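Engineer: The opening residue of the first sequence carries number 144 in the numbering used here; numbering runs sequentially from there.
For lysine-lysine, the following DSSO-like pairs were computed, each having C-alpha atoms within a straight-line distance of at most 30 Å: (1) K383 x K565; (2) K185 x K491; (3) K565 x K382; (4) K148 x K459; (5) K481 x K185.
For each label pair, taking beta carbons as the anchor points, the in silico distance ranges come out as: (6) N158 x K643: 38 to 44 Å; (7) K204 x R289: 19 to 25 Å; (8) T404 x E334: 17 to 23 Å; (9) T605 x T240: 38 to 44 Å; (10) A585 x E161: 26 to 32 Å; (11) H592 x D556: 32 to 38 Å; (12) E230 x E593: 31 to 37 Å.
The hints are simulated quantities; they were obtained by calculation from the structure and are not laboratory data.
Keep in mind that this is a model prediction, so the values were computed, not measured.
C-beta atoms are modelled at their ideal positions from N, C-alpha and C, and glycine is treated no differently.
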Amino acid sequence: MAKPKNAISPTRTENFPEWYQQVVRAADLAENSETRGCMVIKPWGFAIWEAIQRDLDGRFKATGHENAYFPLLIPLSYLEKEAEHAEGFATECAVVTHHRLEAEKDPETGKTKMIPRGKLSEPYVIRPTSETIIGAAFSRWVESYRDLPLLINQWANVMRWEMRPRLFLRTAEFLWQEGHTAHETKEEAIEETRMIHQLYSDALRDLLAIPVIMGEKTEAERFPGADMTLTVEAMVQDKKAIQAGTSHYLGQNFAKAQKITFVDRDNKEQFVHTTSWGVSTRLVGTLIMAHSDDDGLVLPPRVAPQQIVIIPVTPKEESRQAIIDACQALAQTLRNEKTYGGEALRVKVDDRDLGGGVKKWDWVKKGVPLRIEIGPRDLAEQKVCLQRRDQAANEKSFIGKEDFLREVVETLDSVHQSLLEKARTLRDENITECSDLSTFEAHWSDENHEDPGWLLTPWGGTREEEEELSKKHRITVRCLPLDQQDGAEAPCVLTGQPTKGRALWGRSY
RNA sequence: CGGGGCGUAGCGCAGCUUGGUAGCGCGUUUCACUGGGGGUGAAGAGGUCGCAGGUUCGAAUCCUGUCGCCCCGACCA
144 MAKPKNAISP TRTENFPEWY QQVVRAADLA ENSETRGCMV IKPWGFAIWE AIQRDLDGRF
204 KATGHENAYF PLLIPLSYLE KEAEHAEGFA TECAVVTHHR LEAEKDPETG KTKMIPRGKL
264 SEPYVIRPTS ETIIGAAFSR WVESYRDLPL LINQWANVMR WEMRPRLFLR TAEFLWQEGH
324 TAHETKEEAI EETRMIHQLY SDALRDLLAI PVIMGEKTEA ERFPGADMTL TVEAMVQDKK
384 AIQAGTSHYL GQNFAKAQKI TFVDRDNKEQ FVHTTSWGVS TRLVGTLIMA HSDDDGLVLP
444 PRVAPQQIVI IPVTPKEESR QAIIDACQAL AQTLRNEKTY GGEALRVKVD DRDLGGGVKK
504 WDWVKKGVPL RIEIGPRDLA EQKVCLQRRD QAANEKSFIG KEDFLREVVE TLDSVHQSLL
564 EKARTLRDEN ITECSDLSTF EAHWSDENHE DPGWLLTPWG GTREEEEELS KKHRITVRCL
624 PLDQQDGAEA PCVLTGQPTK GRALWGRSY
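Produce the entire structure from the sequences given, and follow the hints as far as they go.
Structural biologist: Structure follows, in structure tokens:
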């Protein structure tokens, strides 16, 4: 019985959201849990997150930040301190109201039920983000300008009671890092915000092979409580936008709300300027949608839990052990002698007693960048059969083992580069410049485009005008691209007033 | 939270209209055969049909409630 052509059904063009879920399942990344909106991240998925963590953590530390940890539960009153912030998160907070359970037997059914008792005088909110509780700590920690800048990062989980959860992309609980810093001056805080913005962009490119548009959010799209929000926007294969990371300049809003003050060089009391910034497990979802194909997950080598899987092909019993030994030896050589992205190569020999085809497709679906097969003929000829995940599943090349060893790091890098290029091409082909309103409006109708991509327009409209357009066409201003704001004046797509501003519009996750 | 769809074995589904305590495909287990490939055969395991009530002699099937999932929308990392 011939198997279907693709390992994943439906395909991307048939049904993108369903395809996404099937990829997650086929690659064994995560599953829905009994807890509403929360996922169980399985080892293969968590290893990807760990790789992202390792890389980013190194970058944060290299730029002077230190890790710390703050409480999961935030006193309700803290959230009330910054009005805009409080309002922004109010609708999605999980609240802890009791601190004890009492067993109670139902007289009718005889079943034991646990009843919440011990009501708290002040409820706690499970952190949706930690500005307030970290701000409270900062207000104790900062006294003098000598204490600044204060550069803190936290790796943690947060909870936002989202209406519509989807694995990795939007779950009620998610893992992330949140940087929180305090500075003497506005300039210094903005510089920090920009530096992290660039750090995220670099990391997405070098680690995840995802090209991003760097831009600023409009007031309507800004983080609640921020004066400026910078974003890295990625385009995935259905041409929707996804905010992959953000960096906020919070001005003195939180400093004033929480009395984070210091005595400056002139012996005057001043409010600090704060920033916050984060990326989350949403990056894993972004990664899946950016690169994967109709045979399953496709992983850039830097984040692949295994970068190379070696499959022994053992058709004859008498050569079986020799082949397995050769595979193990090759794996050991790779691990000992080769590094990629500053880490030893991650190589696995799949010696499970299964049919070769089963094993091959397993690793295809899991997105392993390079598959190596070694059979009796290859062993005799000192060759390996090389298959790349960025190429079709049936494509293979036979190369000398020594050549393979010499070129393996380059080959991995070429997989990374080809994924990056492909993503960049998709993105660039789906950003269209648009300067007149009728074209703009027609663009978003379903008859014209199922996956409309993004439009770049001259923009000088107000917040109200932006929100009206957004609502009408189910789009948002993804960002004001940083490298597009200093060009020639052109008439705003809506008002016709001359403007240098440019806005990028699209549908988003 | 609004609109639509859906919860039956790990996954995908049939059965429900016309109530009589479950079936198919894939997967899985064991054995044999096979062996550059997601193969073949045989035997087997696995479900109180999301949960709680109700109607009934009898409920996967009818009624009520509830929880959850998926898609679209509003909200958002």
